[in-house]
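Build out the structure end to end from the sequences listed, making use of the hints.
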Amino acid sequence: MYKGTKLAGQPVLCQLLSFLSRQIVIDCVKEHGSDRYYKTLTTYNQLVFMLYGVVTKCHSLNCLCKNLLFLEDKLTYLGIDMLPAVSTLSDANINRDSEVFASIYRQLYEHYKKELSPVQCSFLKDEVDTSKVAIFDSSTISLFVEIFKGAGRNSLTGKKKGGLKIHAKMPLGGFVPDLVHITEAACNDKSFLGQLEVEKGDIYVYDKGYVNYQRWGEWTRKGAYYVTRLNENADYEVLCGQPNHISQYADGGIISDQEILLDPSGSAIRARLIVWKDPESAHVLKFVSNMFSYRDSTIILLYKYRWNIEVLFKRLKQNFELGYFFSDSSEGIKTQIWIALIANLLFSVIHRQCKESELFVTIVNLAAINMGSYISLIKIVKSGRLTGIERDLKIVQLDLFPINKGGVLHNPGKSP
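Counting in the numbering used here, the sequence shown runs from 1 upward without gaps.
Rather than coming from a laboratory, the hints here were simulated on the basis of the structure. Keep in mind that the hints are not guaranteed to be accurate.
Unchecked claim - List of simulated lysine-lysine pairs, DSSO-like, C-alpha gap at most 30 Å: (1) K304 to K132; (2) K208 to K317; (3) K57 to K39; (4) K66 to K6; (5) K379 to K114; (6) K355 to K304; (7) K57 to K355; (8) K314 to K286; (9) K222 to K169; (10) K39 to K113; (11) K304 to K74; (12) K114 to K382; (13) K169 to K30; (14) K169 to K208; (15) K317 to K304; (16) K190 to K169; (17) K66 to K113; (18) K30 to K113; (19) K57 to K314; (20) K169 to K314; (21) K317 to K114; (22) K6 to K74; (23) K74 to K379; (24) K113 to K314; (25) K286 to K113; (26) K6 to K39; (27) K114 to K304; (28) K114 to K286; (29) K66 to K39; (30) K74 to K30; (31) K317 to K379.
As the list claims (entries may be wrong) - Here are the in silico distance ranges between beta carbons for each label pair: (32) T40 to T387: 20 to 28 Å; (33) L69 to R22: 19 to 27 Å; (34) G33 to K382: 53 to 61 Å.
Glycine is no exception: its CB is placed at the ideal position from the N, C-alpha and C atoms.
Structure follows, in structure tokens:
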């Protein structure tokens with residue numbers, strides 16, 4: 001029958017994990033020795049179980065383990081013949097180093113790097129090679145202060161939430177980060193700059209939380225560029241350039257484009273300051289950069305497209321379980337974050353292979369609800385609108401018998 005053409009031969013969970021090369025997991029396990037003291041719950045098995053919980057958004061570890069029972073023997077396709085006890089999975093989350101999952105993510109990204117190539121920005125291609133533009137930012141996940149130290153001052157009540165910061169860097173036009181660094185929420189954003197290995201000719205776009213004049217000076221000497229916002233309390237001296245006449249920016253536009261000396265009393269660096277009035281909101285924004293030979297509009301557009309990374313954080317928090325954590329240990333929490341990032345990468349690959357014929361959130365929801373189904377996820381995503389045949393719910397098996405001899409479903413008047 002027609003419906004059988006969409007069968008995949010393995011459940012959706014296994015279809016999803018078919019995009020994760022076992023050799024990558026084997027190499028990472030060997031590198032970190034993460035299976036050394038574990039007999040039953042291997043690194044791969046923990047990854048499978050946690051990925052299931054993160055995608056289906058189970059709200060407790062007990063709920064996750066019981067939901068796995070509904071898969072019955074479907075996990076045997078992955079070589080798993082034993083479901084975990086709650087205590088066993090909990091111990092693995094507490095004791096196994098989360099760095100092994102970070103390594104799996106990094107190798108997986110390298111494996112799919114070409115398939116995850118960013119969308120080119122047509123507004124910048126004439127002056128800027130967008131493949132050399134990287135954007136980065138951080139997002140905070142609230143947690144108990146006993147686990148990770150929170151950011152900011154204590155409230156009047158004396159209570160304060162702890163948290164983690166996910167620092168992520170990705171190419172302009174992309175949706176999968178190529179560099180992720182996890183710190184306590186109390187850690188200053190500028191510490192992430194020490195994790196970056198900048199390349200000559202590359203452009204780095206970020207918000208004004210990453211203030212480190214010394215690092216900016218090093219980047220300039222290496223031939224790397226930066227675009228960011230200027231803090232309100234920044235100390236600088238104008239070297240050249242005059243503000244435009246008010247008639248030129250009354251309805252929005254460039255107020256001034258000047259060369260300045262940042263931090264003149266300390267380790268001063270030369271920079272370019274562009275003051276711009278937003279024509280829609282009338283807000284005045286100050287951009288600072290070392291791109292002296294580029295148009296002012298190009299620098300403003302580069303910062304505008306930095307907001308793509310906010311889409312990444314929104315996608316992670318909306319589609320994967322990052323509101324409830326299956327462990328109250330630091331390693332367990334970081335493990336869950338890395339597995340959510342792995343899930344985002346796998347679904348992004350599927351999204352690209354399906355030529356973005358469905359929304360990303362739709363693909364994740366289809367998989368989450370039908371983890372045990374044998375129907376091909378990719379074929380369903382590519383199918384578009386359902387035809388009349390696909391919407392016909394007649395039971396195929398009963399069509400083998402004459403209608404007058406059918407069962408209860410064919411003859412409502414016949415008692416069971």
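Starting from the hint list further up, note which numbers the structure goes against and sort them upward. 10, 11, 17, 25, 26, 28, 32, 34
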